[in-house]
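Visitor: Using the hints, position chain G against chain P.
Protein chains in written order, with the numbering used here: chain P, 1 to 279; chain G, 1 to 354.
Wrong hints could be hidden among the right ones.
Below 30 Å or equal to it, Euclidean Cα-Cα: the simulated BS3-like pairs (lysine-lysine) are [unchecked claim]:
| hint | chain 1 | residue 1 | chain 2 | residue 2 |
| --- | --- | --- | --- | --- |
| 1 | P | K126 | G | K163 |
| 2 | G | K143 | P | K126 |
| 3 | P | K40 | G | K55 |
| 4 | G | K243 | P | K126 |
| 5 | P | K40 | G | K199 |
| 6 | P | K126 | G | K145 |
| 7 | G | K341 | P | K126 |
| 8 | G | K186 | P | K40 |
| 9 | G | K163 | P | K40 |
Quick caveat, the hints were computed from the structure, so don't treat them as lab data.
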Amino acid sequence: MSSASTSRIAWASVTPALLWTLVFFVVPFVAMGVMSLHPKAGEGASLAAYAQFFTNPSYWHALINSLEVTLIVTVISVLLAYPFAWILAFMVPERWQRLALMLAVLPFWTSYVVRSYSWLLVLAEKGVVNSTLVNLGLLSEPIQIANTRTATVIGFVHFFVMLLTLTIYANLKQLSPNYRKAATDLGASGFQTFIHVILPLTLPGIMVGAFLTFVLAIGDYITPQILGGNNELLMPQLIMMQIGRRGDFASASALSLILMAVVTLAYLACARWLKIERA
Amino acid sequence: MTNRLTRRLFGASVAALALIGSYAAASAADLNALVWCDHSDPNLLKPFEDATGIKVNVKEFEGTGAGLAIVDQSQPGDWDVMVIDTVDVRRGVDRGLFEPLPEDKLPMADIFPEVLMNQHAVVDGKRYGVTEKFGYNTIGFNKSKVDAADMDTLGVLTNDKYKGRIAIYDYYLPVMGLAAMAIGKKTSELTEADLPAIKEVLQKMKANAKAVTDVVASQTALATGEADILIGGGEWVTAGIAKENPDLDFSIPKEGAVLWSQSLAMFKDSKNKDNALKFIQYVMSPEGQARLATSSCYWGMPANKQATLTADQKKILRFDEQADFLKRAQEYPAPSEDLDKKMQDLWTAMIQGQ
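Next comes chain P alone, as it looks inside the complex (with noise of 0.2 Å):
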């Protein structure tokens, strides 16, 4: 086959993809771009409402909320899901690790919203968590946990350690036996394998379950608007605020593309020290 054939037959399969990244990023991006730059209709181009992030504190507040939450969200769901799927896939048998990824997924099953307002449920005064500690004697009066970070939390770790149990189950299976053996071989105890060995080849899947729990839960606004009680305001909350009422399009663009952006470097720190890693 002629190298001009090739081309075009590549061509040929990458236009769909290109095709779907121009319509449904690249111009709707442009869209958000050019709307964010005129916050009153039939006025100039204006930097007002990127200006108005970086001086009134409750927006700015409102990005380092943003980021706290997603920090401790991630740090936790890992610190959870990296045993969940050693577990899974070392100590559960064969036959087993099927129906254990089935129940493991089971949650995603369920919709957002709906399971969103069964951990309001489960979280309240009067609510499965606060009646059992209390029945349990470990507190003397229910405390408050739903309408607070707290909850939006739980909420999101119980929905992301089952997408990082996965992406870091599907790393763990695919190191060979070899590695561990070798490792013993050499006279290393079972930490110092799991630290100097296992750790190492399965930090790529850890990253990029990370990223992507960033990523989803740094922009959800479902879960911050059930969970959260509205006691803080996150990044996705604050843009949906612009639109309600005053439908103020420029400022929800202008906050949606400083998102993007802060979600863009965070994805670039991630490739970076993925590449230094591997190096």
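Guide: Just chain G now, kept in the frame of chain P:
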């Protein structure tokens, strides 16, 4: 082979065109309504559809901004009617969206005069919106958990006695209206100069609150006992669940409450103006009003005094007390665009604890 394939393709194309044609014919008789959730109740729509053969296609939205954005993204003629805050009717008129409504074909004489809000719904002598439902953003509460006498004053907004037992309805205009009334200001006369004093009330209110809740969460908070008081609540939260939770009630404090009111408007570019008018007439009829007032999404007072509500429903809505309530109620704040933005920013600051 090729001929057979061609024939099949032709046949399929004809069938598809016939389907499209029948859809288009069906669409012409349909009514496309941009509505709030209370209009999606089959109990409201079905009698109209059965009686007229007009299918009502509804799309729900929350907030005037979101609704107008949907219209901006649509083709002229896509929508026939819209539900809108009465104070925002003029926003639609200024954009050239609405058609004047024929007052002589609507039960204007039966509508509570206080909720017509002609200053917002009538422009240049023409009516562009007709109030269909109203109520109050006031104090909703569980009477078995609080001292009902405390609910008769807006002092409850900042009363430490109920610290940690209060939820605040997450909508800045009515709640800031209540805060303004609590310090003796009129909601219709708010200016930027009033914002620092309102901010103080909001901060105290937030310090005592457990959560700032949207519509569903507000109802959940009161129903589950997560909160005993809902600032900004009213019959729209308590009435619909009154049978299951008879202790839920609302008060109109001595300082008054904020009157909310929603209107129906017809689009200027509607292709089904006759059907649109029929729908508006149905919703404004005594039967339509009773069904709308007791919609499964949320209850509210029917604008038409002749609404065929049952005695129980009237009791829950406190129908017979409306004359007194309306006397004390103040208008929903309708700030200029700049003031609106500043009020929203103040609300944001309150939530962020700043």
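Visitor: Below or equal to 30 Å on CA atoms is what counts here, so check P/K126 against G/K145.
Guide: OK: P/K126 and G/K145 at ~15 Å, within 30 Å.
Visitor: Is it true that the CA of G/K143 sits at most 30 Å from the CA of P/K126?
Guide: holds (19 Å)
Visitor: Within 30 Å, alpha carbon to alpha carbon, are P/K40 and G/K199?
Guide: holds (27 Å)
Visitor: Compare the distance between the alpha carbons of G/K341 and P/K126 with 30 Å, and conclude whether the hinted pair is satisfied.
Guide: Judged against 30 Å, a Cα distance of about 38 Å means the pair is violated.
Visitor: When you check the alpha-carbon spacing of P/K40 and G/K55, does it fall within 30 Å?
Guide: violated (38 Å)
Visitor: Could you grab the alpha-carbon distance between P/K126 and G/K163 and see if it respects the 30 Å cut-off?
Guide: holds (18 Å)
Visitor: Does P/K40 lie within 30 Å of G/K163 when you go C-alpha to C-alpha?
Guide: violated (41 Å)
Visitor: Would you check the hint for G/K186 and P/K40, treating anything up to 30 Å between C-alpha atoms as holding?
Guide: Between G/K186 and P/K40 the Cα gap is close to 29 Å, so the pair holds against 30 Å.
Visitor: Is G/K243 close enough to P/K126, meaning Cα to Cα at most 30 Å?
Guide: Holds. G/K243 to P/K126 sits at ~21 Å (cutoff 30 Å).
When each numbered hint is compared with the structure, violations occur for hints 3, 7 and 9.
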